[in-house]
Amino acid sequence: MLAPFSRHTLGYGQANSKNPADDGHSVCHFSRARYALLEAYRQSGVGLEGGLMAPAYHCRTMLDPAICLGAKVILYRLNPDLSVDLSALVTALEKCQHPVKALLATHYFGFGQNLAQVKSLCDRYAIALIEDCSHVLFAGSDRIVPAAAGTALGKSGRFCVASPYKFFSCEDGGTLWATTAQGLLCHKQRRPKLFNEVKSWLRAAQHACAAPLLPDPSTLSDQINAWTSLPLPTGQDGPVHDEHASQHYVEADASLQSLAGSRWIMRHTNITRLVDRRRLHYQQWVNAMAGLPHCRTLFPELPHDVVPYAFPLYLEQPETHFYALKMLGVPVWRWDDLAVSTCPVATDFRLRLLHLPCHQELTAEQMLWMTSAVQLVMRQL
1089 MLAPFSRHTL GYGQANSKNP ADDGHSVCHF SRARYALLEA YRQSGVGLEG GLMAPAYHCR
1149 TMLDPAICLG AKVILYRLNP DLSVDLSALV TALEKCQHPV KALLATHYFG FGQNLAQVKS
1209 LCDRYAIALI EDCSHVLFAG SDRIVPAAAG TALGKSGRFC VASPYKFFSC EDGGTLWATT
1269 AQGLLCHKQR RPKLFNEVKS WLRAAQHACA APLLPDPSTL SDQINAWTSL PLPTGQDGPV
1329 HDEHASQHYV EADASLQSLA GSRWIMRHTN ITRLVDRRRL HYQQWVNAMA GLPHCRTLFP
1389 ELPHDVVPYA FPLYLEQPET HFYALKMLGV PVWRWDDLAV STCPVATDFR LRLLHLPCHQ
1449 ELTAEQMLWM TSAVQLVMRQ L
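Mapping of the sequence shown onto my numbering: residues 1089 to 1469, in sequence order.
One should not assume that every hint holds.
Unchecked claim - Label pairs and their calculated CB-CB ranges: (1) 1382 to 1311: 17 to 25 Å; (2) 1272 to 1167: 45 to 53 Å; (3) 1167 to 1405: 40 to 48 Å; (4) 1375 to 1182: 42 to 50 Å; (5) 1306 to 1283: 29 to 37 Å; (6) 1182 to 1467: 47 to 55 Å; (7) 1391 to 1213: 42 to 50 Å; (8) 1340 to 1167: 47 to 55 Å; (9) 1384 to 1311: 46 to 54 Å; (10) 1423 to 1467: 38 to 46 Å; (11) 1167 to 1213: 35 to 43 Å.
What the hints assert, rightly or not - DSSO-like mimics (lysine-lysine), calculated; alpha carbons at most 30 Å apart, straight line: (12) 1414 to 1243; (13) 1243 to 1287; (14) 1287 to 1276; (15) 1243 to 1160.
Calculated directly from the structure, the hints in this document are not laboratory data. Yeah, the Cβ is synthetic: ideal placement off N, Cα and C, and Gly gets one too.
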């Protein structure tokens, strides 16, 4: 899902990356966006005495910081296009017996949603709107990707969080900024050790020198045919009681800044190439999936102002097809570790919505292999 560093990553000129601080915002840098969320929750009053409202469809690390603060998490419903179900949100706010201090709203897969009405609700109930731009490129800058209704992303929330390492070929990176006059008062942060800085550059050099994997699509059909005569193994799926943060949340890293090398790479990345290739690969996915049985593209239209983070594909038979894709080695993810909610969309998407890579460092051969693998699985199984 993440783009490795390559000899094509860096570039200089008009399209270089812009930091949210360039718009007059103070920015705090973290190793991951989950720790930026912790600071946003904390400054919003989330904790033992203040709850968090979060989308029912979420990555577990979106909730981990609130859990670490001892806060109650209330999940709100989403529409099938992953926009906020406003009527359900109003009902939830009216019925909520616990004081809510913050509401987290997410722009999924790089496709922005208009948060004007959500912001009005938050203002009415004195709730801090935290805008999750972890799937958005350019969040907080003048060259921002605007929402469909013209609302700039990264400027609606009282606090905004981004995860630039999801787009740039660097090892880490999470940012937090405030859109209010009060700005940020981040807790004291630690700089990474010089040893870790050096290691990150060594790994970047290794990636740049490594030859890309060039899988052969002609062997896919034989691999799939070898399984058809065998019963597919079945796993166990069910709720698990867990009141602790996930293993992906390390409290000791909460005050750690992102690597200086990561921020340098972000500033000097060839943005034109990054944007063009991500959009190209997303459109290749759309074209390849058109008309296939057992699946559909969640967002088949790619607006001109969207830089996609990943390609969302909905499966009708996830028990069969997700397993087959994993066995073939297709790099595919899904958010199956969701907190239990009454949201039918999140419940449905938990196992059925796949996240497929479309990052800028994918080669034409890799894209052909992945799209061919999904096509064969859908047609033959």
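Against the structure, the hints come out as follows:
Checked against the given bound of 17 to 25 Å, the beta carbons of residue 1382 and residue 1311, roughly 18 Å apart, stay inside it. Under the hint 45 to 53 Å, the C-beta atoms of residue 1272 and residue 1167, about 32 Å apart, miss the expected range. About 24 Å separates the C-beta atoms of residue 1167 and residue 1405, a value inconsistent with the hinted range of 40 to 48 Å. For residue 1375 and residue 1182, the Cβ-Cβ distance of about 45 Å falls inside the hinted range of 42 to 50 Å, so the restraint holds.
Between residue 1306 and residue 1283 the C-beta distance comes to about 45 Å, which lies outside the given range of 29 to 37 Å. Between residue 1182 and residue 1467 the beta carbon distance is about 48 Å. The supplied range of 47 to 55 Å therefore holds. Distance hint for residue 1391 and residue 1213: a CB-CB separation of about 31 Å, inconsistent with the stated range 42 to 50 Å. Between residue 1340 and residue 1167 the beta carbon distance is about 38 Å. The supplied range of 47 to 55 Å is therefore violated.
The hinted window of 46 to 54 Å between residue 1384 and residue 1311 is violated, with their beta carbons roughly 25 Å apart. For the pair residue 1423 and residue 1467, the beta carbons lie near 26 Å from each other, so the given range of 38 to 46 Å is not met. At roughly 21 Å, the beta carbons of residue 1167 and residue 1213 sit outside the given window of 35 to 43 Å. Our distance criterion of 30 Å between C-alpha atoms is broken by residue 1414 and residue 1243, whose separation comes to about 38 Å.
Simply put, residue 1243 and residue 1287 have alpha-carbon atoms about 35 Å apart, too far for the 30 Å limit, and the pair is violated. For the hint linking residue 1287 to residue 1276, the alpha-carbon distance of about 24 Å falls within 30 Å, and the restraint holds. For the hint pairing residue 1243 with residue 1160, the CA-to-CA distance comes to about 26 Å; that is within 30 Å, so the pair holds.
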